[in-house]
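**Student:** Sequence:
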Amino acid sequence: MSWGLIPWSQLTHKKMTYQQLLEQLQALSPQQLNQTATLYSIKDDEFVPVYSGDFTDEEDQVLDSNHFVITF
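For the sequence shown, position 29 matches number 29 in my numbering, and the numbering has no gaps at all.
Certain hints may be false.
As the list claims (entries may be wrong) - Simulated crosslink set (EDC-like; lysine to aspartate or glutamate; CA at most 20 Å straight-line):
| # | residue 1 | residue 2 |
| --- | --- | --- |
| 1 | K15 | D44 |
| 2 | K14 | E46 |
| 3 | K15 | D64 |
| 4 | K15 | E46 |
| 5 | K15 | D45 |
Hints are computed from structural coordinates only; laboratory data are not their basis.
Using the sequences plus the hints, can you model the full thing?
**Tutor:** And the structure:
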């Protein structure tokens, strides 16, 4: 397995910002950008496809409202 796209997780397990994610995405080739968006769970050693993006609302008790989240 190659960790080329997310070396930060392999080395430090730091949280990634959306700005860092955008920089990684901008470095991808057009072919890679047309691949299915996929998340990798370090904990479960499992790949999961991304279904959509969404925003939290006032009822969310973990994150502030209007926080963008990726759903899978």
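**Student:** Give a verdict on every hint.
**Tutor:** Right, here's what the structure says about each hint:
Restraint check for K15 and D44: satisfied, since their Cα atoms lie roughly 17 Å apart, inside the 20 Å limit. At roughly 19 Å between alpha-carbon atoms, K14 and E46 fall within 20 Å of each other, so this suggested pair holds. Of the pairs offered as hints, the one joining K15 and D64 holds, with about 17 Å between alpha carbons and a cut-off of 20 Å not exceeded. For the suggested pair K15 and E46, the alpha carbons sit about 19 Å apart, so the restraint of at most 20 Å is met.
At roughly 18 Å between alpha-carbon atoms, K15 and D45 fall within 20 Å of each other, so this suggested pair holds.
Of the numbered hints listed earlier, not one is contradicted by the structure.
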